[in-house]
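Could you put the whole structure together from the sequences, leaning on the hints where they help?
Protein sequences, first through last, are from chains A and B.
FYI, the numbering used here numbers position 173 of the first sequence as 173, with every residue one higher than the one before it.
FYI, the numbering used here numbers position 13 of the second sequence as 13, with every residue one higher than the one before it.
Simulated from the structure, these hints should not be mistaken for lab results.
Some clues are possibly wrong.
Which copy is meant is left open, because identical chains are indistinguishable; a pair holds if it fits in one copy or across any two.
[Stated by the list, open to error] Keeping only pairs whose Cα atoms sit at most 30 Å apart, straight-line, the calculated DSSO-like set for lysine-lysine is:
no. : residue 1 : residue 2
1   : 116       : 203
2   : 94        : 222
3   : 109       : 366
4   : 116       : 48
Everything numeric in this text was worked out from a predicted model, so none of it was measured.
Protein chains: 2
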Amino acid sequence: MIAEILSTGEEVRSGAVIDTNAAYIAQCLEARGIEVARHLCVGDDVEKISDSLRMIAPGADFAVVTGGLGPTGDDLTADAAARAFGVNLRLDSKAMENVTEFFSRRNRKMSPSNEKQAWLPEGAEMLYNPTGTAPGFMLRFQRCCFFFLPGVPSEMVRMMHDAVLPRIARLRKDDRQVFAVRTLCVFGLPEPVIGERLAVPEKEFQGVRLGLRSVFPEVQVKLYGRAQDRAELEKNLDEAADRVCSIIGDYVFSGNGSSMETVVGNLLRAQNATLSVSESCTGGLISHLLTQVAGSSDYFLFSGVTYSNAAKIKVLGVSRETLDRFGAVSEQTAMEMAQGARRISGAVYAVSTTGIAGPDGGGPEKPVGTVCIGFAGPEEVVAWRYCLDFADRSRNKQVFAMKALDQLRRSLLNTRKRPID
Amino acid sequence: MIAEILSTGEEVRSGAVIDTNAAYIAQCLEARGIEVARHLCVGDDVEKISDSLRMIAPGADFAVVTGGLGPTGDDLTADAAARAFGVNLRLDSKAMENVTEFFSRRNRKMSPSNEKQAWLPEGAEMLYNPTGTAPGFMLRFQRCCFFFLPGVPSEMVRMMHDAVLPRIARLRKDDRQVFAVRTLCVFGLPEPVIGERLAVPEKEFQGVRLGLRSVFPEVQVKLYGRAQDRAELEKNLDEAADRVCSIIGDYVFSGNGSSMETVVGNLLRAQNATLSVSESCTGGLISHLLTQVAGSSDYFLFSGVTYSNAAKIKVLGVSRETLDRFGAVSEQTAMEMAQGARRISGAVYAVSTTGIAGPDGGGPEKPVGTVCIGFAGPEEVVAWRYCLDFADRSRNKQVFAMKALDQLRRSLLNTRKRPID
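Structure representation (structure tokens):
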């Protein structure tokens, strides 16, 4: 089953608005095993819309078209559909009810221009719009079943679920397959390396297709599963996930698409432990990430963003001697920062960063990209040094923060294997 | 002049990633008076990409193609271009330099698969990629000049400005008009309100077209200027910008597209002043934003992310009585947090946040979305309370952080008008 998506409207064509509808619709269809072959986007132009519809019709089983169903002169999609499929527009009584109901339910007066929205191409089936004035419609031409929806994202989403997906399910009732996607998240290996390692014969992954997606600074391995029933699907996905983990190892930090901060939060919660942070080069990003997770106040206590040396000394108790002797960017300072954050907050664990995000501040011994990460727990205080330069201050901060959280994750996994206290 | 845009890649085709590149490219081209007729998006499929290129060639003057230039087997765009235009791939020495340079500058080992990125279609001109491994290329076929760029947004943006737009300007040198876009950034008014206020007759903005773009949590007013020469262009843009500012008032925080954190940083630098922060509900986001600006260590000293009450008391010196009597989310606590951050760091100014980002923790008196913002300077300590609920923890954090920075901006603008110390 092949689908295409057509977005219409001057605001998406000109780039004033990012077309989020196409991605939403594609995800809905792909999750149900319908391959989206292409997206198209054109402006409010009756010729271009009708050309696009004619181009789509011979090659697709389904098409979802958004936009151009409003009451104004710019809204030309029904016109374009009638022209493309060689039919006339006619006033659809159900569509008229949809439009008048919208106004009467809100005690608002219907503008005469709204009547236009009830004129649909001959042969179209009206699709009810519960939240707006623009009814949609379904129309078959050649092999393709077209669904026309409004461009307002909230109306489109509601109608995809209420009107489009149930009709698609009925139209393909002979197709008995089930589908699911699983996401494994990887940090610390570049995408090409992951690609090379996973370049094993496709048949080794029974009923599962692999896809890589780079979401800086992580890489996601997507498992697209397809099977005859739910149990077989889950079994295939489990086996594929195990196989990927055995190849990629502990660079895989999540088997269900969870963020690094969620994984770390879950590890802390499982240990009933608390965490504090001290950040220099990451400038607050680690604590921002940790506190993106709802309920993080259960384990996250404090972060000291100590950009100046004075703050490192005064707030975290880093010794002036350490700063003078080893410098602010050093394993020794990172360890004292972590110890300081742990001590003043009473947290079980603390993690720290000090480094050079750039573009300035680098030198021959400590180039831009240098980061020292400290970890302090009840049993040990350690630090690591890395050089991770991604040629951009913001990307460097992201990598430093992710690396610190990943070292924390690895430390928490280790401590889990032995008793604490 | 007509342009088309082609986005390639499984992640955009399948909707796993929203295609922000197409909108960005469309805006760049439209701003220069080039009409974007259509966007297309297909997956990593050599047939579909080459079909699309052949479909675009006869009708467009320019086309920008993104994605598929990486080192893996999925990256097929150069192949597809060679096939579409009937040429072979050849190893391009300049492109090879671009790839090797990327690795040598970072002291990283080049993977053998990266060599693939230097194989370009015959007749192509390499486009230098300063921030990634994937060189782009330009290739003319029929009437259309194609620009192939990587799909990573940051690399694409850089190359649009460094490589594509200057070449387009040279190619249309007979076209004597000049173009520019200016961006005014607004915070604190919803987009429809800004739209209504700016709905004045188009002719009042001489040679300038207005566009609104919502970039949560701010709204950008774009001024698209077109004139016969540079001086007239600048004059028209200046007048239009003044007109917009007189209508929108001090909700406009930037007249040149600068971020709020850059604007605040410039105000601090102009006063030779320093800043510290104490954050509860924003969880480090304010300091993360402030430290996104290169050179922010000149004025940013410290942030205490005090999620727990214990940390508020111990690190910032908030009194237990204040917390007991007024609660952690109160103007009183916000003021003591700001005073504490200022005191322990020795900063001239401090700003603080304490509130409820949700989804839990709200109550009838202090619902989710409540935020108290404190400000402490040499002359005053104040606090404000707002209720700003955007139905999502992450969006609420963003709005709280932006509101705090905006209050800081307004306070700094006020202090500038009178002598300090």
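Here is what the structure says about each hint:
1. When the C-alpha separation of residue 116 and residue 203 is checked against a cutoff of 30 Å, the pair qualifies only between copies, where the shortest distance is 26 Å, while the shortest distance within a copy is 53 Å.
2. Proximity of residue 94 to residue 222 under the C-alpha cut-off of 30 Å is found in neither arrangement, the shortest distances being 37 Å within a copy and 34 Å between copies.
3. For a Cα distance limit of 30 Å, the shortest separation of residue 109 from residue 366 across copies, 19 Å, qualifies, whereas the shortest one inside one copy, 55 Å, does not.
4. When the C-alpha separation of residue 116 and residue 48 is checked against a cutoff of 30 Å, the pair qualifies only within one copy, where the shortest distance is 21 Å, while the shortest distance between copies is 37 Å.
Violated hint for the displayed structure: number 2, the only one.
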